[in-house]
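> Model the full assembly from the supplied sequences, consistent with the hints where possible.
Residue numbers (the numbering used here), protein chains in the order written: chain E, 373 to 1282; chain D, 3 to 158.
For the record, the hints were derived by calculation from the structure and aren't laboratory data. C-beta atoms are modelled at their ideal positions from N, C-alpha and C, and glycine is treated no differently. It is possible that some hints are incorrect.
As the list claims (entries may be wrong) - Below, simulated DMTMM-like cross-link-like pairs (lysine to aspartate or glutamate); rule was C-alpha separation at most 25 Å, straight line:
(1) D:K27 with E:E1037
(2) D:K6 with E:E1092
(3) D:K112 with E:E1034
(4) E:K1221 with E:E907
(5) D:K112 with E:D1032
(6) D:K25 with E:D1028
(7) D:K27 with E:E1092
(8) D:K27 with E:E1034
(9) D:K112 with D:E34
(10) D:K27 with E:D1058
(11) D:K6 with E:E1037
(12) D:K20 with E:D1028
(13) D:K25 with E:E1049
(14) E:K1079 with D:E7
(15) D:K112 with E:E1024
(16) D:K25 with E:D1058
(17) D:K27 with E:E1045
(18) D:K27 with E:D1028
(19) E:K1276 with E:D1255
(20) D:K25 with E:D1032
(21) D:K6 with E:E1017
(22) D:K6 with E:D1058
(23) D:K25 with E:E1017
Stated by the list, open to error - Which chain E residues stay away from chain D? Per the calculated CB distances, all over 10 Å, these:
(24) L657
(25) F667
(26) V688
(27) A693
(28) A775
(29) G805
(30) E859
(31) N970
(32) K1059
(33) K1079
(34) R1183
(35) A1277
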Amino acid sequence: MSEALKLVWPRTAEKPDSAAGVEKPRSPGLDPTIYGFILRHSYKQQFLLLILTLSSFPFLYYSLDLPKTIVNKAIGGKKFPQEFLFWDLDQIPYLLTACGVFLALVFINGWFKYYLNVYKGQLGERMLRRLRYELYHRLLRFPIDHFKRVSSAELIPMLTAEVETLGGFIGDAFALPVFQGGTLLTIILFMFLQDPVLGAAAVALYPLQGYFIPKLQRKVNLLGKQRVRTVRQVADRVGDTAAGIVEIHANDAVRLQLAHFTRFLGTIYDLRFEIYRRKFFVKFLNNFIAQLTPFFFYAIGGYLVIRGNLSFGALVAVLAAYKDLASPWKELLDFYQLMQDSSIKYEQVIEQFQPNGLTDETLQLDPPEIIPPLTGEVTVANVSVVEDERARVLDAVSFSFAATTHVAFCGQSNSGKHELALVLARLSLPSSGRVTIGGHDIAGMHEAVIGRRMGYVGATPHFFSGTLQDNLLLGLRTRPIRQREYEPLRAKRIAIERDEAIKSGNIDLDVNADWTDYEAAGVADADELLRRVVEVLRHVDLAEDVYWFGLRGRLHATQQEAIGERLLAARGALAERLAAEGLTHLVERFDPDRYNTNATLAENLLFGTPVGPAFDFDQLASNTYVLQILDKVGLTEDLVTMGAEVAQTMVELFADLPPDHEFFEQYSFIRAEELPEFQALLARLDKGGHETLTPADRTQLLSLPFKVIVARHRLGLLDEAFQNRILEARRVFAADLPDAMRRQIEFFAADRYNAAATVQDNVVFGKIAYGEAAAPIRVPSIITEVLDALGLRETIIGVGLDFNVGNSGTRLSASQRQKGGIARALIKRPDILILNEATTALDGPTQTKVMEGVQQECQGRGLIWILHRASLARHFERVLVFDNGHLVGQGSFDELDKPETALKALIAAE
Amino acid sequence: MSLKEEVDVLQRIPLFAKLEASKLKLLAFTSERIAFETGHVLFRQGDMGDAAYIILEGEAEVLVNGPSGPVLVAVLGRDAFVGEIAILCDVPRTASVRARQRLVCLRIAKELFLRLINEFPQIAIAVVRELAHRLEMSNEKLRESVAQVEALKKAG
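And the structure:
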């Protein structure tokens, strides 16, 4: 890296304090074995655990020994006073003191156990956290094309479920074998002291076990490894199925998929069954040998006792001791199996995270203090790309141009232009040759330089779950800029969390801090940034779409404070405009004293927007307060009757249709699967009247009229008299509403902004009329005119930025994602912007518009556009034409646009 | 106007006259009642058809493009069925229709109508009958016209 890149940050007030002094986590390569990993990161803690375990032994021993003293001396003793610890005591004080000491020991032992367990748990969790963090960080360092070979469905279980059990093992890694082994040795020693021959008999079969069991276990381990691999393949298969569901259905491939899956499950079954067989054989062998040993005791011990070489008492003592031997021995064997299991898991996960060509970690963390602009010449020297030992995708390509040039790359899809774009953006490294900018090799540049000074947009830019704004500002959020101010209690909590993160080798940056770097976008504050984002959105032709998102969005509290009043002004202005143009019938405004025929009965009753689930329209029929109000105004029975009529009509209309018919979803008040239920209900009602209805039936019937919209459904059930009764219920509903429920509904009020409703609903303050041909066209256009006149468009685009783009941006169209991807790159003002077929989803005119916008944005800065249509190259200063991995022409468009040239052929082929 | 009245209107349309009342009700319920302001164009000559309209209130003008602009060829009123050819087969609109005054229609979407035919063969049969009847009438007219032409030729 050049000296220029190693300059020091200017000492500004904005500098995040986390950049100073704190040790940055380093992952010095993953240890090949789990014990290596444990020792490297926790040898101190493991040592402490050992010391603690060992120091608990005396207390444990004494607590086992003390009862003997109590029984023999305190209770059975004769000569008092006797000495106990440091005092001479009479019998009763002696007993009480001894019992007191016993109680104290119980506490001490309990505390040891508790402390050790918590400590082990904490250690295990920290190590697990560290492991996961290191694996995830490795994932971020994988070379880009490694992701072609591994699927996320395989990686996910490795980072989550597969390593989950390791935490528990890590806490026990040293302490458990030492503790149980120590216990075991103590007991064996005791037996040897009683009688060496019997002691030898007790351990006679251990060498046998020591020889056979690891042998058997090894086979189980191998099977275990295979099982893990197969389960990963299953995960991959499931992920593949979800991703390819369209192709599966479109090609009648369900059976083939099932057959594939069956084979995997069969393999897993075979493996698991084999593992069980062998595992239980190991268990059987252990048990058998354990029970074989008493045979020696009885035979040898009995012989010795009969011959008088061993006292009977000693044999009994040895037999009792042997019983105690079983428990630590079993623990040790279990531990051995767990250790083997954990080692396999660890090694199998690790090996998947060691691909060749990992990005050097120092190029990702600790960014240089000053990020120099990319200026000078962009020089590509002898760059070749060889993919999977196939033919050269790029073959010794060389060229250079000034970094501020607007360049077009043309060529067919196999020309190598795509790979070259990736190399220029340093997203992949060339097999040979190098790329320099201003004389600096980009291979050695820090990711901060590449990521902040260069922009890259591919054909399918990814959108992360979250708001549109989060996605657009991704390039500005490279580090915490302004620490967040927390209240003292929260701050303490945050400090602890951060401390904990450091202890597990995690990164210590506060994700809740403000990461948005205004300076990078060339603005001073949030307001300017919004204006700038709107400008960029206009240039990529996305502003209109985001504006519509905004109209359908809701304001959050701070926005409401800022613009609620202005939107109320828009509400008034819209009403005036509609009146002036004689179009008042296109919108039926909310009026507290009138029934709104374009709204549902439920909306008419509530006359407001539900906040939260309490008054959710779908659940209204079971809301106790609503029922109470209906009873009070005497509407309940009439509404149930109306529900029965609606149900009758629906049954009549839809009964003959197959259950999956789309009419149900589009038109019916009753879902297909509910239809038989309602038929039965109606039959009962017919026979026995209202008395036969259960409360559940009544709720079901009651829910139907709530959905009726008079103007739309034309069922003729809600005449004016009935509408007036609903108005009465509306008044009572509002008047009686308990204070506790006030927050669960926002009533419609002409002079108040309704935070629960969308921006558009607030401006309209009513319902756009059904069945007016002009309404869906005229009303939105008048709304837009009114908002524009009040200068609110930008503000509403700001609201639209809060639009949630959904999982992987699926709530955006393909063209919106492409436009958004370009906008994201433009907002961070890169010195060189690389667009790799980034407008393929756009239609011709839009493409031209976006191209103009981008070129305007990139005035005075570099632009490299990999074109999918060569004719667009005429808009660029310089054109490079590639064919089959070779550069076959470069110059201005006019120079290249001659008969018989490669460019001409490409244009002709379009 | 409620669903019942719309069913009555549908019953007066020959194409639907022979359908069971419950199917007509479903057709009415799934169709949209829609109002057009004076001058609003329901559809234009040459466009692909997506719906047919039954006039419930008001009057509509039928216009055909002539060499010197649109020519008014008919004025339709209550119970008229407009644009039905377009929902039965994929042909462009043969004329434009414009609201002469505030016009209220029942809009029967092509998709919806075809799905109903799919679901209920009896609708298809009724439609076939009606079309056969129309064809027979056209043939009748054709025969008459041919006879007239022959007669005129003979008359010389």
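> Hints first: check each against the structure and report whether it holds.
Hints and how they fare:
{"no.": "1", "hint": "D:K27 with E:E1037", "result": "holds, 18 Å"}
{"no.": "2", "hint": "D:K6 with E:E1092", "result": "holds, 18 Å"}
{"no.": "3", "hint": "D:K112 with E:E1034", "result": "holds, 15 Å"}
{"no.": "4", "hint": "E:K1221 with E:E907", "result": "holds, 14 Å"}
{"no.": "5", "hint": "D:K112 with E:D1032", "result": "holds, 20 Å"}
{"no.": "6", "hint": "D:K25 with E:D1028", "result": "holds, 10 Å"}
{"no.": "7", "hint": "D:K27 with E:E1092", "result": "holds, 23 Å"}
{"no.": "8", "hint": "D:K27 with E:E1034", "result": "holds, 17 Å"}
{"no.": "9", "hint": "D:K112 with D:E34", "result": "holds, 12 Å"}
{"no.": "10", "hint": "D:K27 with E:D1058", "result": "holds, 22 Å"}
{"no.": "11", "hint": "D:K6 with E:E1037", "result": "holds, 23 Å"}
{"no.": "12", "hint": "D:K20 with E:D1028", "result": "holds, 18 Å"}
{"no.": "13", "hint": "D:K25 with E:E1049", "result": "holds, 22 Å"}
{"no.": "14", "hint": "E:K1079 with D:E7", "result": "holds, 22 Å"}
{"no.": "15", "hint": "D:K112 with E:E1024", "result": "holds, 23 Å"}
{"no.": "16", "hint": "D:K25 with E:D1058", "result": "holds, 23 Å"}
{"no.": "17", "hint": "D:K27 with E:E1045", "result": "holds, 22 Å"}
{"no.": "18", "hint": "D:K27 with E:D1028", "result": "holds, 13 Å"}
{"no.": "19", "hint": "E:K1276 with E:D1255", "result": "holds, 13 Å"}
{"no.": "20", "hint": "D:K25 with E:D1032", "result": "holds, 18 Å"}
{"no.": "21", "hint": "D:K6 with E:E1017", "result": "holds, 14 Å"}
{"no.": "22", "hint": "D:K6 with E:D1058", "result": "holds, 22 Å"}
{"no.": "23", "hint": "D:K25 with E:E1017", "result": "holds, 18 Å"}
{"no.": "24", "hint": "L657", "result": "holds, 70 Å"}
{"no.": "25", "hint": "F667", "result": "holds, 82 Å"}
{"no.": "26", "hint": "V688", "result": "holds, 89 Å"}
{"no.": "27", "hint": "A693", "result": "holds, 85 Å"}
{"no.": "28", "hint": "A775", "result": "holds, 52 Å"}
{"no.": "29", "hint": "G805", "result": "holds, 56 Å"}
{"no.": "30", "hint": "E859", "result": "holds, 56 Å"}
{"no.": "31", "hint": "N970", "result": "holds, 12 Å"}
{"no.": "32", "hint": "K1059", "result": "holds, 23 Å"}
{"no.": "33", "hint": "K1079", "result": "holds, 14 Å"}
{"no.": "34", "hint": "R1183", "result": "holds, 26 Å"}
{"no.": "35", "hint": "A1277", "result": "holds, 39 Å"}
When the structure is compared with the earlier hints, no violation turns up for any of them.
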